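Numbering (numbering that gives the first Met the number 0), first residue to last: 0 to 192.
Rather than coming from a laboratory, the hints here were simulated on the basis of the structure.
All figures in this text were calculated on a predicted structure; none of them were measured in a lab.
Idealized CB from N, CA, C, for every residue including glycine.
Warning: the hint list may mix true and false statements.
[Unchecked claim] List of simulated lysine to any residue pairs, SDA-like, C-alpha gap at most 25 angstroms:
id, residue 1, residue 2
1, 29, 2
2, 115, 54
3, 15, 36
4, 29, 17
5, 152, 68
6, 80, 22
7, 12, 40
8, 12, 86
9, 158, 135
10, 80, 55
11, 180, 54
12, 12, 110
13, 73, 13
14, 146, 25
15, 105, 36
16, 152, 115
17, 115, 180
18, 105, 11
19, 115, 36
20, 105, 115
21, 29, 68
22, 158, 73
23, 105, 50
24, 12, 97
25, 131, 110
26, 105, 131
[As the list claims (entries may be wrong)] Derived CB-CB ranges, DEER-like:
id, residue 1, residue 2, range
27, 136, 46, 15 to 25 angstroms
28, 101, 158, 22 to 32 angstroms
29, 22, 177, 39 to 49 angstroms
30, 105, 147, 18 to 28 angstroms
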Amino acid sequence: MKAIIELQNRLQKQAKELLDTTPVLVLLGKLGQVTQTGSSTTGLMVYPDIDFAVQTIKPNVQDAINLVPVIFAKLSATSCKVADFRTDSNEGTSYFIGFEFPYNGKSWQISATVGKPGPITTNPPALSNWLKNMSEQQRETILELKKELINSKRYAGAKSQPPYTFRSVHLYEAVLQGGSKTIHDIESYFGTN
């Protein structure tokens with residue numbers, strides 16, 4: 000088995016253990032109904048992070064702010080961020096809470112977007128079908144390129160700007176729809192080379 004697949008499988012197992020043995024789900028559950036999302040559910044993990052969607056009838060950012068000291072106390076968190084999106088009409092979520100904490104020798108990142116109940120969809124909506132139809136070779140390519148982008152500091156979150164920085168959806172689209180196999184291919188797919 001290739002090293003990148005072994006890394007993914009090891010992280011997947013550790014993520015499950017983390018959720019089974021720490022109060023992460025209980026703490027996020029104080030904000031609403033918790034659903035695990037992202038690379039920890041798709042088999043595309045290359046670093047220790049777990050994403051969640053949390054749904055509640057009345058999202059209130061103050062609930063997350065009140066949870067911050069509990070997160071630090073219960074998880075020995077090293078950082079925590081709360082972002083309020085209520086005034087941003089482009090966001091489908093009401094707010095974000097993310098935190099880092101040590102677990103089993105690694106610093107794990109937990110990210111949760113909190114919003115009202117409804118379908119949890121991928122962006123773009125076609126992404127879920129792309130991932131369902133992904134071949135094992137495409138999966139391996141995504142894992143290798145994701146690791147390369149992270150190591151070169153070109154893997155970014157919501158504020159990514161292709162062709163300079165990318166987020167998961169850019170990588171998935173470039174590989175699964177554009178046939179990209181290298182970083183240069185991804186840059187070309189997004190019209191930069």
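Status of the hints after comparison with the structure:
The straight-line distance between the Cα atoms of residue 29 and residue 2 is roughly 38 angstroms, outside the 25 angstroms bound, and the hint therefore fails. A threshold of 25 angstroms between alpha carbons decides the hint, and for residue 115 with residue 54 the separation of about 5 angstroms falls inside it, so the pair holds. A distance of roughly 13 angstroms separates the Cα atoms of residue 15 and residue 36; the hinted pair therefore holds under the 25 angstroms criterion. With a C-alpha separation of about 18 angstroms, the suggested pairing of residue 29 with residue 17 holds against the 25 angstroms cut-off.
Annotation: proposed proximity of residue 152 to residue 68 is violated, straight-line Cα distance about 30 angstroms (limit 25 angstroms). Pair hint residue 80 plus residue 22 holds up; C-alpha atoms about 18 angstroms apart against a cutoff of 25 angstroms. As the CA atoms of residue 12 and residue 40 are separated by approximately 11 angstroms, the hinted pair is consistent with the 25 angstroms bound. Pair hint residue 12 plus residue 86 does not hold up; C-alpha atoms about 38 angstroms apart against a cutoff of 25 angstroms.
Simply put, residue 158 and residue 135 have alpha-carbon atoms about 29 angstroms apart, too far for the 25 angstroms limit, and the pair is violated. Between residue 80 and residue 55, the direct Cα distance comes to roughly 20 angstroms. Compliance with the 25 angstroms bound is thereby established for this hinted pair. With a C-alpha separation of about 36 angstroms, the suggested pair residue 180 and residue 54 falls outside the 25 angstroms cut-off, and the hint is violated. For a cut-off of 25 angstroms, the pair hint linking residue 12 to residue 110 stands: about 18 angstroms separates their Cα positions.
For the hint linking residue 73 to residue 13, the alpha-carbon distance of about 19 angstroms falls within 25 angstroms, and the restraint holds. For the given pair, residue 146 sits about 30 angstroms from residue 25 by alpha-carbon distance, which is inconsistent with the 25 angstroms threshold. Our distance criterion of 25 angstroms between C-alpha atoms is met by residue 105 and residue 36, whose separation comes to about 20 angstroms. Simply put, residue 152 and residue 115 have alpha-carbon atoms about 33 angstroms apart, too far for the 25 angstroms limit, and the pair is violated.
Straight-line distance between C-alpha atoms of residue 115 and residue 180 comes to about 38 angstroms, which puts the hinted pair past the 25 angstroms bound. For the given pair, residue 105 sits about 13 angstroms from residue 11 by alpha-carbon distance, which is consistent with the 25 angstroms threshold. Proximity of residue 115 to residue 36 is assessed by CA-CA distance (about 16 angstroms); at most 25 angstroms being required, the pair is judged to hold. Using a Cα cut-off of 25 angstroms, the hinted pair residue 105 and residue 115 is violated, with the two alpha carbons roughly 32 angstroms apart.
In summary, the hint linking residue 29 to residue 68 is supported, as the alpha carbons are separated by about 14 angstroms, within the 25 angstroms threshold. Restraint check for residue 158 and residue 73: not satisfied, since their Cα atoms lie roughly 30 angstroms apart, outside the 25 angstroms limit. Simply put, residue 105 and residue 50 have alpha-carbon atoms about 16 angstroms apart, close enough for the 25 angstroms limit, and the pair holds. Taking the CA atoms of residue 12 and residue 97, the gap is near 21 angstroms; set against the 25 angstroms cutoff, the hint holds.
Our distance criterion of 25 angstroms between C-alpha atoms is met by residue 131 and residue 110, whose separation comes to about 23 angstroms. Restraint check for residue 105 and residue 131: the C-alpha separation of about 30 angstroms exceeds 25 angstroms, so the hint is violated. The given range of 15 to 25 angstroms is respected by residue 136 and residue 46, whose C-beta atoms sit roughly 22 angstroms from each other. Residue 101 and residue 158 have their C-beta atoms about 26 angstroms apart, which keeps the hinted 22 to 32 angstroms range intact.
With their beta carbons about 41 angstroms apart, residue 22 and residue 177 fall inside the hinted range of 39 to 49 angstroms. Taken as a hint, the range 18 to 28 angstroms holds for the pair residue 105 and residue 147, whose Cβ atoms sit roughly 20 angstroms apart.
Checked against the numbered hints above, the structure breaks hints 1, 5, 8, 9, 11, 14, 16, 17, 20, 22, 26 and satisfies the rest.
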